[in-house]
Amino acid sequence: MTNEEKQKLLKPGERLDDLQIGGLELIQNPEGFCFGVDAVFLSDFAKVRAGETALDLGTGNGIIPVLLSAKTEGKKFTGLEIQADTAEMARRSVAWNRLEDRVEIVTGDIREASQIFKPVFFDVITTNPPYMPAEHGIRNADSARAAARHEVLCTLDDILRESMRLLQDKGRFYMIHRPFRLTEILIKMNHYKIEPKRIRFIHPYADKEPVLVMVEGVRGARPGVKIDPPIIIYDRRPAEE
Numbered sequence: 001m002t003n004e005e006k007q008k009l010l011k012p013g014e015r016l017d018d019l020q021i022g023g024l025e026l027i028q029n030p031e032g033f034c035f036g037v038d039a040v041f042l043s044d045f046a047k048v049r050a051g052e053t054a055l056d057l058g059t060g061n062g063i064i065p066v067l068l069s070a071k072t073e074g075k076k077f078t079g080l081e082i083q084a085d086t087a088e089m090a091r092r093s094v095a096w097n098r099l100e101d102r103v104e105i106v107t108g109d110i111r112e113a114s115q116i117f118k119p120v121f122f123d124v125i126t127t128n129p130p131y132m133p134a135e136h137g138i139r140n141a142d143s144a145r146a147a148a149r150h151e152v153l154c155t156l157d158d159i160l161r162e163s164m165r166l167l168q169d170k171g172r173f174y175m176i177h178r179p180f181r182l183t184e185i186l187i188k189m190n191h192y193k194i195e196p197k198r199i200r201f202i203h204p205y206a207d208k209e210p211v212l213v214m215v216e217g218v219r220g221a222r223p224g225v226k227i228d229p230p231i232i233i234y235d236r237r238p239a240e241e
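In the UniProt record's numbering, the protein residues as written are 1 to 241.
In short, the hints are calculated from the structure, not lab data. Glycine included, C-beta positions come from ideal geometry on N, C-alpha and C. Mixed in with the good hints, there may be bad ones.
Claimed, not checked - Pair ranges (Cβ atoms, derived):
{"#": "1", "residue 1": "Lys-208", "residue 2": "Pro-119", "range": "43 to 49 Å"}
{"#": "2", "residue 1": "Leu-182", "residue 2": "Asp-44", "range": "17 to 23 Å"}
{"#": "3", "residue 1": "Asn-190", "residue 2": "Asp-44", "range": "40 to 46 Å"}
{"#": "4", "residue 1": "Pro-204", "residue 2": "Glu-88", "range": "31 to 37 Å"}
{"#": "5", "residue 1": "Ile-187", "residue 2": "Gly-13", "range": "40 to 46 Å"}
{"#": "6", "residue 1": "Arg-181", "residue 2": "Lys-8", "range": "22 to 28 Å"}
{"#": "7", "residue 1": "Asp-235", "residue 2": "Ile-21", "range": "30 to 36 Å"}
{"#": "8", "residue 1": "Pro-223", "residue 2": "Ala-70", "range": "30 to 36 Å"}
{"#": "9", "residue 1": "Tyr-234", "residue 2": "Glu-88", "range": "15 to 21 Å"}
{"#": "10", "residue 1": "Pro-119", "residue 2": "Gly-13", "range": "38 to 44 Å"}
{"#": "11", "residue 1": "Pro-229", "residue 2": "Asp-157", "range": "40 to 46 Å"}
As the list claims (entries may be wrong) - Quick list of in silico lysine-lysine cross-link-like pairs, BS3-like style, CA-CA up to 27 Å:
{"#": "12", "residue 1": "Lys-226", "residue 2": "Lys-71"}
{"#": "13", "residue 1": "Lys-47", "residue 2": "Lys-71"}
{"#": "14", "residue 1": "Lys-75", "residue 2": "Lys-11"}
Build out the structure end to end from the sequences listed, making use of the hints.
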């Protein structure tokens, strides 16, 4: 990409990051909230089969739909994002990667998702939601970082209620979250008829507690959950032992 092409693509403060897969790149603004390893892990954990449609709730800069378009044979990927400027940035990434025929970014509120997409149903729903309750250590409730980290714009109930309404029967739901909220997540999934089927913990080191957990649920499925082998992010160096 030439400097001139970059200048036309990027707004002040933005950068273009190589996703290290399929030649894809993503526009990000470090002043906002850039994607982390959690989005990458979730895109590996989620299963989207050939011909299926997937919706990512709270898509941010569109990282999960873009990654899933490269990693799976899904037919169509849609990202829903409430913050208009972030959604617009995601659309520019989609256009830059020439994915308009497979990836769509919609501006809208998760709490109204079933009305926004009605009467469409999805085979798969993914979400990398805010991990912290709204009242937990928040400083500026209006900032993009606060919206990404704290439940100021949506709650677990909002996500699961709208997912229940938008999933096909036996459709699959994939979430990454913090382990300290796992009990709450499983109880609420059951309440909204999304039966937990698979759980996988992510540890920084083999001898450390997990820092993330991924859960797969199936709408209307029978009870029965499987625990996948854990993911260990780092190998401890001999000097650290």
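Comparing the hints with the structure gives:
1. The beta-carbon spacing between Lys-208 and Pro-119, approximately 46 Å, falls within the hinted interval of 43 to 49 Å.
2. The hinted range of 17 to 23 Å is satisfied by Leu-182 and Asp-44, whose Cβ atoms lie roughly 20 Å apart.
3. The supplied range of 40 to 46 Å is broken by Asn-190 and Asp-44, whose beta-carbon atoms lie about 25 Å from each other.
4. Checked against the hint of 31 to 37 Å, the pair Pro-204 and Glu-88 passes, with Cβ atoms roughly 35 Å apart.
5. Between Ile-187 and Gly-13 the Cβ separation comes to about 41 Å, which falls inside the hinted range of 40 to 46 Å.
6. Taken as a hint, the range 22 to 28 Å is violated for the pair Arg-181 and Lys-8, whose Cβ atoms sit roughly 42 Å apart.
7. For Asp-235 and Ile-21, the hinted distance range of 30 to 36 Å is not satisfied, since their beta carbons lie about 23 Å from each other.
8. Distance hint check: the CB atoms of Pro-223 and Ala-70 are about 34 Å apart, consistent with the given range 30 to 36 Å.
9. Checked against the hint of 15 to 21 Å, the pair Tyr-234 and Glu-88 fails, with Cβ atoms roughly 36 Å apart.
10. Separated by about 40 Å at the C-beta atoms, Pro-119 and Gly-13 satisfy the suggested range of 38 to 44 Å.
11. Between Pro-229 and Asp-157 the CB atoms are about 31 Å apart, so this pair departs from the stated range of 40 to 46 Å.
12. With a C-alpha separation of about 23 Å, the suggested pair Lys-226 and Lys-71 falls inside the 27 Å cut-off, and the hint holds.
13. Distance restraint check for Lys-47 and Lys-71: the Cα-Cα separation of roughly 9 Å lies within the 27 Å cut-off, and the hinted pair is therefore satisfied.
14. Taking the CA atoms of Lys-75 and Lys-11, the gap is near 31 Å; set against the 27 Å cutoff, the hint is violated.
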